[in-house]
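Student: So the chains spell out like this:
2 protein chains.
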Amino acid sequence: MRAPTDQELLDLAQRVASACRERGIRLGTAESCTGGLVGHVITEVPGSSDYFSGAVVTYANEMKIALADVPAAVLEAHGAVSAQVARAMADGARRRLGVDVAVAVTGVAGPEGGSAAKPVGLTYVAIADAAGDDVRRFVWDGDRTGNKRLSAAAALELVVERLTGPSS
Amino acid sequence: MRAPTDQELLDLAQRVASACRERGIRLGTAESCTGGLVGHVITEVPGSSDYFSGAVVTYANEMKIALADVPAAVLEAHGAVSAQVARAMADGARRRLGVDVAVAVTGVAGPEGGSAAKPVGLTYVAIADAAGDDVRRFVWDGDRTGNKRLSAAAALELVVERLTGPSS
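Protein chains in written order, with the working numbering: chain A, 104 to 271; chain B, 104 to 271.
One or more of the hints may lead you astray.
As the list claims (entries may be wrong) - Here are a few chain A residues that sit away from chain B, every Cβ distance over 10 Å (derived from the structure): (1) M104; (2) R118; (3) A186; (4) Q187; (5) A219; (6) P222; (7) R239; (8) V242; (9) E260; (10) V263; (11) E264; (12) R265.
Said to hold, decoys possible - Just the calculated beta-carbon pair ranges, DEER-fashion: (13) B/D109 <-> A/R124: 26 to 34 Å; (14) B/E215 <-> A/D114: 17 to 25 Å; (15) A/P174 <-> B/D172: 17 to 25 Å; (16) A/R124 <-> B/T248: 15 to 23 Å; (17) A/E179 <-> B/R105: 45 to 53 Å; (18) A/T248 <-> B/K221: 31 to 39 Å; (19) A/R124 <-> B/V242: 27 to 35 Å; (20) A/G127 <-> B/G127: 44 to 52 Å; (21) A/M104 <-> B/V242: 35 to 43 Å; (22) A/D114 <-> B/A233: 43 to 51 Å.
As the list claims (entries may be wrong) - Computed, partial: chain A to chain B, Cβ under 7 Å: (23) G139; (24) S156; (25) T161.
Calculated directly from the structure, the hints in this document are not laboratory data. For every residue, glycine included, the Cβ atom is placed at its ideal position computed from N, Cα and C.
Make a model of the complete structure from these sequences and hints.
Tutor: Structure representation (structure tokens):
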């Protein structure tokens, strides 16, 4: 997969902006492998403070517990890069940030940290709102920077789809 | 001022990596106007999980209070873009993230939100460690993206200087 360009990420952030503004939604993020990239892209849009509250960047495992209330038992049982932890990050960040919708990303950006079971590029993106949560699994084939950008795009796309429906 | 290129930001992040690794320092960030860009740049370096714990992106004022323990009275008295709030963000994030060193950024990225007293581009970058805190004031003259990038570079430079001394 080709990593998105700056302009493509900005276009996605503009779609997030429209979706949030139309519905009066406040948004937050919980980011592991992206390190803050999702929040950075969201805040490239002027006036994003109208709908973006903030983010927790839970790079270390103990930050996932401390900042996003991921249960230690879930981390222990499934590992940091798992559907379960992605969902817990989204749910926890939604409560902590006091937002309507929170999107979370956890993955193996590479080039190190991969294993047979969890290869470099494996990424989970989860979203939580009042109706519940949802998670998607990806395996990117880019370099570290490319994988981070693909993950950020997937997170923004998930927000747009959750707010506007999958057919938009 | 010319905004730093991706490569220049990455070079700075590599200097941060070396400085943290040599001293066994764990690092965190508290970001307002940069929206997560500082954490993103830090985590462009492979292996950055060895020294980078995470970040709080306190875009909304209530997040500065909730995630970085900025006293409401300090926000009220000095405004979100002030030396006092930058210091409080760095101090609060250092405690919350349990890191040795935290760097904080708050500013007016633009194009809106400026005033005569606090023009677009006004930015405070603060750092906190066990010895105390320090803050610097800048007025960038770029567009929104450029101001964010200049702010991120200033934050990374402040980390390098605090760890290695100003003459390095």
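Student: Honestly, which of those hints from before does the structure not fit?
Tutor: Result: no hint breaks.
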